[in-house]
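Those protein sequences? They're chains W and R, same order as listed.
When you line the first sequence up against the UniProt record's numbering, it's residues 1 to 390, in that order.
When you line the second sequence up against the UniProt record's numbering, it's residues 1 to 390, in that order.
Think of the hints as simulated: they come from the structure by calculation, not from any bench.
Since the model is a prediction, treat every value here as computed from it, not as a measurement.
Any given hint could turn out to be false.
[As the list claims (entries may be wrong)] Partial selection, computed: residues in chain W whose CB lies under 10 Å from chain R:
1. 42
2. 78
3. 208
4. 228
5. 235
6. 241
7. 242
8. 322
9. 329
10. 363
11. 366
C-beta atoms are modelled at their ideal positions from N, C-alpha and C, and glycine is treated no differently.
The chain contents come next:
Protein chains: 2
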Amino acid sequence: MRTRHGSSLEDLRRFNRGTILDALATSGALSRADLARVTGVSRATVSSLVHDMLTDGLVVEERGKGTPHKGGSGRPPILLRLATPPGVVVGVDLGHRHIRVAVAERTSVIRAERTIAFDVDHDAAGALDAAARLTEQALAEAGQDLGGVAGVGMGVPGPVDWRSGRITSAVLPSWRGLSPGAELERRLGHPVSVDNDAYAGALGELSYGAARGFDDVIYVKAAGGVGAGLVLGGRLHRGTSGIAGEVGHVQVHADGPVCRCGSRGCLETQVSAPKLIQLLQPAHEEELTVARMLELGRQGDAGANRVLDDAGRTIGRVLADLCNSLNPAAVVVGGDIGPSPALVSGIRDSVDRYAQPDAAAALRVTAGELGDRAEVMGALALALNVSAAA
Amino acid sequence: MRTRHGSSLEDLRRFNRGTILDALATSGALSRADLARVTGVSRATVSSLVHDMLTDGLVVEERGKGTPHKGGSGRPPILLRLATPPGVVVGVDLGHRHIRVAVAERTSVIRAERTIAFDVDHDAAGALDAAARLTEQALAEAGQDLGGVAGVGMGVPGPVDWRSGRITSAVLPSWRGLSPGAELERRLGHPVSVDNDAYAGALGELSYGAARGFDDVIYVKAAGGVGAGLVLGGRLHRGTSGIAGEVGHVQVHADGPVCRCGSRGCLETQVSAPKLIQLLQPAHEEELTVARMLELGRQGDAGANRVLDDAGRTIGRVLADLCNSLNPAAVVVGGDIGPSPALVSGIRDSVDRYAQPDAAAALRVTAGELGDRAEVMGALALALNVSAAA
DNA sequence: ATAATTAGTACACAATCAGTATTAATTGAT
DNA sequence: ATCAATTAATACTGATTGTGTACTAATTAT
Numbered sequence: 001m002r003t004r005h006g007s008s009l010e011d012l013r014r015f016n017r018g019t020i021l022d023a024l025a026t027s028g029a030l031s032r033a034d035l036a037r038v039t040g041v042s043r044a045t046v047s048s049l050v051h052d053m054l055t056d057g058l059v060v061e062e063r064g065k066g067t068p069h070k071g072g073s074g075r076p077p078i079l080l081r082l083a084t085p086p087g088v089v090v091g092v093d094l095g096h097r098h099i100r101v102a103v104a105e106r107t108s109v110i111r112a113e114r115t116i117a118f119d120v121d122h123d124a125a126g127a128l129d130a131a132a133r134l135t136e137q138a139l140a141e142a143g144q145d146l147g148g149v150a151g152v153g154m155g156v157p158g159p160v161d162w163r164s165g166r167i168t169s170a171v172l173p174s175w176r177g178l179s180p181g182a183e184l185e186r187r188l189g190h191p192v193s194v195d196n197d198a199y200a201g202a203l204g205e206l207s208y209g210a211a212r213g214f215d216d217v218i219y220v221k222a223a224g225g226v227g228a229g230l231v232l233g234g235r236l237h238r239g240t241s242g243i244a245g246e247v248g249h250v251q252v253h254a255d256g257p258v259c260r261c262g263s264r265g266c267l268e269t270q271v272s273a274p275k276l277i278q279l280l281q282p283a284h285e286e287e288l289t290v291a292r293m294l295e296l297g298r299q300g301d302a303g304a305n306r307v308l309d310d311a312g313r314t315i316g317r318v319l320a321d322l323c324n325s326l327n328p329a330a331v332v333v334g335g336d337i338g339p340s341p342a343l344v345s346g347i348r349d350s351v352d353r354y355a356q357p358d359a360a361a362a363l364r365v366t367a368g369e370l371g372d373r374a375e376v377m378g379a380l381a382l383a384l385n386v387s388a389a390a
Numbered sequence: 001m002r003t004r005h006g007s008s009l010e011d012l013r014r015f016n017r018g019t020i021l022d023a024l025a026t027s028g029a030l031s032r033a034d035l036a037r038v039t040g041v042s043r044a045t046v047s048s049l050v051h052d053m054l055t056d057g058l059v060v061e062e063r064g065k066g067t068p069h070k071g072g073s074g075r076p077p078i079l080l081r082l083a084t085p086p087g088v089v090v091g092v093d094l095g096h097r098h099i100r101v102a103v104a105e106r107t108s109v110i111r112a113e114r115t116i117a118f119d120v121d122h123d124a125a126g127a128l129d130a131a132a133r134l135t136e137q138a139l140a141e142a143g144q145d146l147g148g149v150a151g152v153g154m155g156v157p158g159p160v161d162w163r164s165g166r167i168t169s170a171v172l173p174s175w176r177g178l179s180p181g182a183e184l185e186r187r188l189g190h191p192v193s194v195d196n197d198a199y200a201g202a203l204g205e206l207s208y209g210a211a212r213g214f215d216d217v218i219y220v221k222a223a224g225g226v227g228a229g230l231v232l233g234g235r236l237h238r239g240t241s242g243i244a245g246e247v248g249h250v251q252v253h254a255d256g257p258v259c260r261c262g263s264r265g266c267l268e269t270q271v272s273a274p275k276l277i278q279l280l281q282p283a284h285e286e287e288l289t290v291a292r293m294l295e296l297g298r299q300g301d302a303g304a305n306r307v308l309d310d311a312g313r314t315i316g317r318v319l320a321d322l323c324n325s326l327n328p329a330a331v332v333v334g335g336d337i338g339p340s341p342a343l344v345s346g347i348r349d350s351v352d353r354y355a356q357p358d359a360a361a362a363l364r365v366t367a368g369e370l371g372d373r374a375e376v377m378g379a380l381a382l383a384l385n386v387s388a389a390a
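Build out the structure end to end from the sequences listed, making use of the hints.
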């Protein structure tokens, strides 16, 4: 149920209106009677609120259509649906090595999309320039211009202090101290909501993907690095300084190689996508890529599946401890190696082995539903200011 | 600000009433005008609500007293204070080896307290019998009987499924499958709210101790076992099946001794209070106890401090990973060895070493303020149904 | 056609909050 | 001592809102 509002009558009405909009957002199309049943608000009030919302153009009636009815007889309901608000939202996903931009209707239906490879890590300014250029291209393809933009969200490959909007951590020199939101805003002339890429992915899967409806979820992004977005109590957990979920730098080998973070034997040094390719390369003549590795896995290549399974077990070892502590309902695996069944089953095996039986029993481990779109969908959710934000 | 309520006018009024009660609970004594300023509710509404509350006996006026005034002139305010509601609340803390019962006014001022040593782990039924007996004794001391009890809360040494109220995990045979709340209710004739002891401790420190005012806190209970209560986003995080915070069974030595949970090398096998005493005993002729060990540490005994410091480092190693994931504002150390400065500084050192610098910098590591009363105070908070519950 | 059933609305009503006097109680200046 | 100034509390009025009841609308089954 919805929460959080003020103390006046006006607030109360706004609250009820929000409850109805939420119900419509999750259920698609409902009649006024359905809304009254679902929300607990009386039919008369629903009628009144819906009337206002129709006047404001927030919802539209869907008359005469199918009008499916349960009992058989009775007056057919007039279904209500959220109106697609004018304008579009823009989602920007800055990965370590790619930039993806999506332009979507405010119902989050994607209208245009652009992806390019880019060395984001080492050229922050260039990446932001490219993102702005891609945004303009995608807007043009969608038949829009910057004036029609209602919101912009962005995921960036590093921890963001979500009060100041600055990149706090020192992992990527070209990003250090930067305010990526302000930077993109300068280029687009529109405010930008920013979160790190793992949070964006979590938000994407939470709003539109495999994590929908769960209160406590760990979203793991396994790609060039390893990060996590934690959904706790139905909300994204960012922590005191906005760096919660940084599981990539948990030490898994005391005497492992030195990580870019300065520590030794971090999870990230063991299971990053480049590392896996490096492990697998000697067995192949062709130049391997992540996509090729996953394809080999699908085709049953033992080496590829072994590498992915081992990586899953290593990640699962870390997640097991976290699941012991957090007892979540689901682990959703994303990132570009996330779709690998071998990786997911490796995580599952490791969690089953190392987490407490009760925690493991309550846990569902799945690949994300959105694939490499999770982050950009999350960026769209940020732009739409969907409720799940903290 | 307060949150969470329904959609009707009645709900709105209840909400505003709650807002006022909250303000009074935190600020002690306020005039109606103060309340209007603090809560944002209009003076007229505050007057009306306060009138109702006076009629119901929820608040009392404090006329003529000091009546401190800011400006100097003007009609002196009538201060309002929460009335101490009739009746008392009972908190029961079942540790592994002790039982503690407190009877408190509903303002959480403790009226009577009883503590005994008891082998709770191996005799659940006996422990509950003893708890009921102690409750009656403490009630008598406070000049009350069971009829005057307004609420009972209890912390138990094992994970509780907080929907069914049953002990879920299999760690303690005599407790397996038991419904301790229902059992104590049968003995006292009064409903009992139950949580595990680490949650109770967290709730105690959150409501009355070192964790007050923080949104994200890890409370660690270091005693016969090691457990944690996680406060995330200002609320106790119980997880999907109510077993969140079970950090005692994180593996810290792959080839360590077998734990009572069946796994090997669990944190609990390395740093439980009995284990520390066992480590320290050879250097002493007298039979050591936990209290004596802490006293030795205070007196500067190198061995005792070394053992405690090492234990802190081991715990800190586990907490570092958790702090990387959760980025909390504070770690509060409780349990019977929690007051040891060596333990706390060991945790601090380990966290500084193994957690990311940003997460460590945001973190405050302290001993709990409530000492061995944390759990029973948390049980009182449960009984008072203080807001922090999930 | 008619009854039954379900959806949606109109209207009277009560609950609630806010704004504006009005009254109350005190200080300080004359 | 008296009176203005100041702050607190309340009474009253008015507007907004949600609910319940009665009513109309639209369809199916008989």
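Against the structure, the hints:
Given the 10 Å rule on beta carbons, the hint for residue 42(W) holds: about 9 Å separates it from the nearest Cβ of chain R. With its C-beta approaching chain R no nearer than about 22 Å, residue 78(W) sits outside the 10 Å limit, and its interface hint is violated. Given the 10 Å rule on beta carbons, the hint for residue 208(W) is violated: about 22 Å separates it from the nearest Cβ of chain R. Restraint check, residue 228(W) versus chain R: the minimum CB separation of about 7 Å is within 10 Å; hint holds.
For the restraint placing residue 235(W) at the interface with chain R, the shortest Cβ-Cβ distance is roughly 7 Å, inside the 10 Å limit, so the hint holds. With its C-beta approaching chain R no nearer than about 4 Å, residue 241(W) sits inside the 10 Å limit, and its interface hint holds. Hint status for residue 242(W): holds, given a least beta-carbon distance of 7 Å to chain R, under 10 Å. Look at residue 322(W): its Cβ gets to within about 6 Å of chain R, closer than 10 Å, so that hint holds up.
For the restraint placing residue 329(W) at the interface with chain R, the shortest Cβ-Cβ distance is roughly 4 Å, inside the 10 Å limit, so the hint holds. Given the 10 Å rule on beta carbons, the hint for residue 363(W) holds: about 8 Å separates it from the nearest Cβ of chain R. The beta carbon of residue 366(W) comes no nearer than 15 Å to any beta carbon in chain R, farther than 10 Å, and the hint placing it at the interface is violated.
Violation of the numbered hints given earlier is confined to hints 2, 3, 11; the remaining hints are satisfied by the structure.
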